[in-house]
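Work out the full structure: start from the sequences and follow the hints.
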Amino acid sequence: GILATTFTWEAFELADKYNLTIRNITTGERINKSNLTTTSIVQESLLPETKYEFRVVSVCGASSAISIWKAFTTPEGLTCDPPNNLAATTTQLSTGILSTTFTWESFELADKYRLIIKHGETGSEHGVNNLELTSYTVEGLDPETNYQFRVVSYCGGTSAISEWQTFTTPAGLTCEGPT
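At position 75 of the sequence shown the residue is numbered 542 (my numbering), and the sequence of numbers has no breaks.
No lab work stands behind these hints, which were simulated from the structure alone. Any given hint could be a false lead.
Stated by the list, open to error - In silico SDA-like cross-links for lysine to any residue, where the CA-CA straight-line distance does not exceed 25 Å:
1. K585 with E599
2. K537 with F521
3. K518 with I489
4. K579 with G563
5. K579 with V524
6. K585 with G563
7. K500 with T541
8. K579 with Y603
9. K484 with V605
10. K585 with N486
11. K585 with S501
12. K585 with T473
13. K518 with A529
14. K484 with P515
15. K500 with T540
16. K500 with I584
17. K484 with T494
18. K484 with R522
19. K585 with N502
20. K585 with E511
21. K484 with T517
22. K537 with E511
23. K518 with I498
24. K579 with E543
25. K518 with D483
What follows is the structure in structure tokens.
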């Protein structure tokens, strides 16, 4: 598994987007994530047993506000495994809306999971937090569209993230009159 750290912050009502900066306190190396539209992001590749700090900028049109730096230390090593056997199955409801069910194999030490879905064309991500089951259904994905998804396992104070899985939603069904 990959060491994954989840950053979350409270939404600011007037914010259009957020910018996140993660800084290695020892080396000063920075990781910048810009134009975020959600209040949570998973960052891979942080070093184990390393002191970092992060801050968030709320962008409100032409103005912005910066949070204070918040320090944290990454865990000693990965004690959590990512979920396996990820799958996405899409069906069409009687209303014509596509319904996609995401499933994965549980990891015995996981307390909960986070599902991340990424639109293949726009790159926009949507995350569903605090899942206790190993499946989740989303309605309303675009037909004939490439998507990616991954799942984060949370095991106490550590987490592990799966590799991206790709799937394509089917074309929506059309209703034809009798001939």
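Taking only the CA atoms, is the gap from K579 to E543 under or equal to 25 Å? holds, 21 Å
Is K585 within 25 Å of E511, Cα to Cα? This hinted pair holds, its Cα atoms lying about 16 Å apart.
For the pair supplied as a hint, K484 and R522, is the alpha-carbon distance within the 25 Å limit? Cα-Cα ~14 Å, so holds.
Given the hint that K500 pairs with T541, does the C-alpha gap stay at or below 25 Å? It holds: about 19 Å lies between the C-alpha atoms, which stays within 25 Å.
If you draw a straight line from the CA of K518 to the CA of I489, is it 25 Å or shorter? Holds, because 11 Å separates the two Cα atoms, which is no more than 25 Å.
Measure nothing beyond the straight line between the CA atoms of K585 and G563; if it is 25 Å or shorter, mark the hint as holding. holds, 22 Å
Holds or violated: K518 and D483, Cα atoms, limit 25 Å. violated, 30 Å
For K579 and V524, compute the direct alpha-carbon distance and say whether it is at most 25 Å. Violated: K579 and V524 sit about 28 Å apart, past 25 Å.
Taking only the CA atoms, is the gap from K585 to E599 under or equal to 25 Å? Roughly 21 Å between the alpha carbons, so the hint for K585 and E599 holds.
Are the Cα positions of K518 and I498 separated by 25 Å at most? This hinted pair holds, its Cα atoms lying about 14 Å apart.
Are K579 and G563 close enough, with their CA atoms no more than 25 Å apart? Given pair K579, G563 is violated - Cα atoms ~32 Å apart, limit 25 Å.
Taking only the CA atoms, is the gap from K579 to Y603 under or equal to 25 Å? Holds, at about 13 Å.
In summary, the structure is inconsistent with hints 4, 5, 13, 14, 17, 21, 25 from the numbered list given earlier, while agreeing with the others.
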